[in-house]
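The primary structure of each chain is shown beneath.
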Amino acid sequence: MMKPLYSGDTVDWTPLAGSELSTASQWLRISAMAMTHHAGIGHTGGDLSAADILATLYLGGVLQVRPDDPAWPERDRFIMSKGHCSGVFYSTLAARGFFPASTLKTYMDPMSVLNGHPDRNKAVGVEANTGPLGHGLPIAVGAALACRMSNMSWRVYVLTGDGELQEGSNWEAAMTAQHYGLDNIVVIVDRNRIQQGDFTESTIRMDPMVDKWRAFGFHTLEIDGHNHDALLAAFADAGSTKGKPTCIVANTVKGKGVSFAENNPAWHHGVPTREQLHAAAAELGVEVPWLV
Amino acid sequence: MVGVTRAADSDSEPCIAGPPKAKLFDCRDAFSKTLEEMAASNPKICAVVNDSVSSTKLKNFRTRFPERFVNVGIAEQNMVGVACGLANGGMQPYVAGASCFLTARAMEQIKVDLGYSNSNVKLCGMSPGMAYGELGPTHHSVEDVAWTRIIPNLAVVVPADPIETREALLYSERHPGPMFLRISRMPVREVHDENYRFELGKAVQLRVGDDVTLIANGVLVSRALEAAEQLATRGIEARVLNMSSVKPLDTEAILKAARETSRIVTVEEGFAAGGLGGAVAEVLALNHPVPMRILGLPDRFAPTGSAEFLLEHFGLTASGICLAAKELMRDNDRVGDR
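Just so you know, the protein sequences line up as chains A and B, in that order. Add 1 to the 1-based position in the first sequence for the working numbering, that's all there is to it. Add 85 to the 1-based position in the second sequence for the working numbering, that's all there is to it.
Looking at chain B on its own, in the form it has when it is part of the complex:
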């Protein structure tokens, strides 16, 4: 097991999410700090933003490396094209902007200039999912994983905490092709320890268990761990996989989980269709079908509310995950599987 941080024992009722007791972090801090370190040692590293200097937390980067900081203004198509040109000229650009605009507005540039061209450009989709909760669906980025993961050559990574954010960034510097990194702003606790090293295409098993597997990424990994602890009080041992690498996908870990635990619950901060759950379902359907639940947003736009409220609203909580796992166990019991 790598970097396991167990949720503190809860004295609340099983399957009711208790407040996280651990210290919480905004992954953007790890992002900006790490990118500055990288730029300090690698003169090819540059940043490209769309006016998003403060929301990407790159003010300090701009101060330290003004000649390697490009602000194209509010122009996302241009931003991604400019990054492609910078890579053509031998630089290693990191494009940072709110994920909702970066992906939706520049989709064709991401497909053609980065994926199809196989350009050495890293896209950092900031504040994804429902981080901008109250601002409404225009500012939610709950489609980005589905959109990006079907583009050939483009790696898709959804880090779970500040440690993985840092490690994934460090890894990206050595990865020669395009990559989409989803950098969360929702406060999350650490689920990895300082010895953790990110590896593209590898799931991280954060908890052992043989009754059901919870596959999560991003801000929902810590909630999956909490759900697993709650399930344990009911005698259900859940395996927890952090599937931060959505593409390439660790099919081996998924199939192993399917064979050994017979049930899979996926959970992500995005539409249930087309994202992590869809990717896992594709692997299972073709190789080793097992009962599964895909937790995410249903096929409708979110109502008004904070990020925390919306996660609760859509059942993307420890108790929601717990419930899905228990339903899965019950369904299986009914068909005599257990």
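Pulled out of the complex, with its shape left as it was, chain A reads as follows:
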């Protein structure tokens, strides 16, 4: 069973790997579901599809960040463009030590620092206020340009939804990223193929997804977004790519790991009952971390 990941002491933190990283991902999933159950509102499907990507970035040692010095100027930037999946994002920040896991219990409560969509002025570790879609990639491009202007070497990672890419601002930003040859930027597309009301391909077709990014001048990779080793390899590949930005199309399953939520558009913002929460925990092989 997974221990609470937060130790309060980030000095001796070491990246997780193998089964530890897998268990951590499952803990992020059940934590996000517990938060949504608590709040009575949330985005379960996308929380579950993004869990392995976030776990790999924050807990697998990809991101160079300092929870005890969150404004460290040389930190890597992670922009959670799919800000509606705040449950899994906050759980990840807590797991990495940006704030105590107990704060997660206040998700969307009156006056909580954990708004339904992330607020950088409230929750420690949040780089950008997101929620309306198509905001993250332009911000990431700006941060990547700032890195170059400052002669620094941080990297910028941005996680977008796939339906989110229907917003034109993403493609404006993609053109800028390629024009300036921003090889310090990595776009990760959580390709779960479902948006709020339906499958992406029944709403506005997004395939061929990889070709789109390639046509926009990106180095592209298509991987299984639930495979930690594949994710780590992709991030390493992006790190050694020069002269162009990288896009990782991470094929995922919306609602991953919880059978009744998997690949079901109704679970885009489905809220688990107490019984469903326990059933999910059993399937994920972790305990419900806390219950109201």
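Think of the hints as simulated: they come from the structure by calculation, not from any bench. Only a predicted model underlies this, so the values are computations on that prediction, with no experimental measurement involved. Keep in mind that a hint or two might mislead.
[Stated by the list, open to error] Below, a list of computed lysine-lysine pairs in the DSS-like style, where the Cα atoms sit at most 30 Å apart: (1) B:Lys129 x A:Lys243; (2) A:Lys123 x B:Lys332; (3) B:Lys411 x B:Lys106; (4) B:Lys332 x B:Lys411; (5) B:Lys129 x B:Lys118; (6) B:Lys129 x A:Lys245; (7) A:Lys123 x B:Lys129; (8) B:Lys108 x B:Lys287; (9) B:Lys144 x A:Lys245; (10) B:Lys129 x B:Lys144; (11) B:Lys287 x B:Lys129.
[Unchecked claim] Chain B stretches covered by chain A per the calculated footprint, using a threshold of three residues with CB under 8 Å from any CB of chain A: (12) 155 to 163; (13) 168 to 177; (14) 186 to 200.
By construction, the Cβ of each residue, glycine as well, lies at the ideal position given by its N, Cα and C atoms.
Given chain A, work out where chain B should sit, using these hints.
Structure of chain B alone, referenced to chain A:
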């Protein structure tokens, strides 16, 4: 009084606008020159444009600081988002583009990425109001003040002349939050002198008077001063306030004017609803109601014509201001207020 420049005595009929005799300036020149100076001494200053290199007069900036000049192409949402990211990375970005596109096209980014995030980004809305007169309402930016002033954290500044444009820019470098600066291209004369220093949230009294107060900003400040001179020939002494800082608003100066002059006329190069006049009316209604006139565009799109023609068309002239002030005096007389 700060930097008062009185209009030359006019020998024309009272309340008929005479041609301005002073030298006229395009505030964009002061903008680009000042921004270059700032960038020369502060390596964090950078510029972000949407293809608008010449219309923002930033060609020279691009030549001098190519590594700190970002042209995102014709993509305003991206432009504001990129500026937010630059600020996240420690830079101090100045976003410059035609105000009509910058504000309307990127409104959500302005709200979320700048206002809500409280990002250190300065928006420079170029050629606002009806500066692009003949090009039509698509290119008029007469909504921008109303749109921007309701966004928390976002300061809104409408400089009156090149001196205030420069001073407001210099001030903005020290202001840690987001700011919207409206940079005029319509030729205006100087209404401040070289000793003028901009202060956010402070109105500037350009003329004393106790009969009526004229509150203006932007290109209409000089016209308000001319109106005041014309009113003086009729024995009416108008106070003139340059309310360049629409947000934060100098409520103290507004209430003082209401108490001491009992009548207020606002005048702006934008819709009469929601802008400077609306802001002043909110303060008065809640604290010290007095008769007022709000001069601006009515609730319809402008017809075809030059900027000068359109200002005339909508009565945004010295004589139009004069007329409104006199009506206000008459109305007050009727109710026995005077």
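Structure-based check of all given hints:
1. B:Lys129 x A:Lys243: holds, 26 Å
2. A:Lys123 x B:Lys332: holds, 24 Å
3. B:Lys411 x B:Lys106: holds, 25 Å
4. B:Lys332 x B:Lys411: Judged against 30 Å, a Cα distance of about 29 Å means the pair holds.
5. B:Lys129 x B:Lys118: holds, 17 Å
6. B:Lys129 x A:Lys245: Roughly 25 Å between the alpha carbons, so the hint for Lys129 of chain B and Lys245 of chain A holds.
7. A:Lys123 x B:Lys129: holds, 26 Å
8. B:Lys108 x B:Lys287: holds, 26 Å
9. B:Lys144 x A:Lys245: holds, 27 Å
10. B:Lys129 x B:Lys144: holds, 19 Å
11. B:Lys287 x B:Lys129: holds, 27 Å
12. 155 to 163: Our answer is that it holds, as 6 residues pass the Cβ test (under 8 Å) against chain A, meeting three.
13. 168 to 177: holds (count 9)
14. 186 to 200: holds (count 4)
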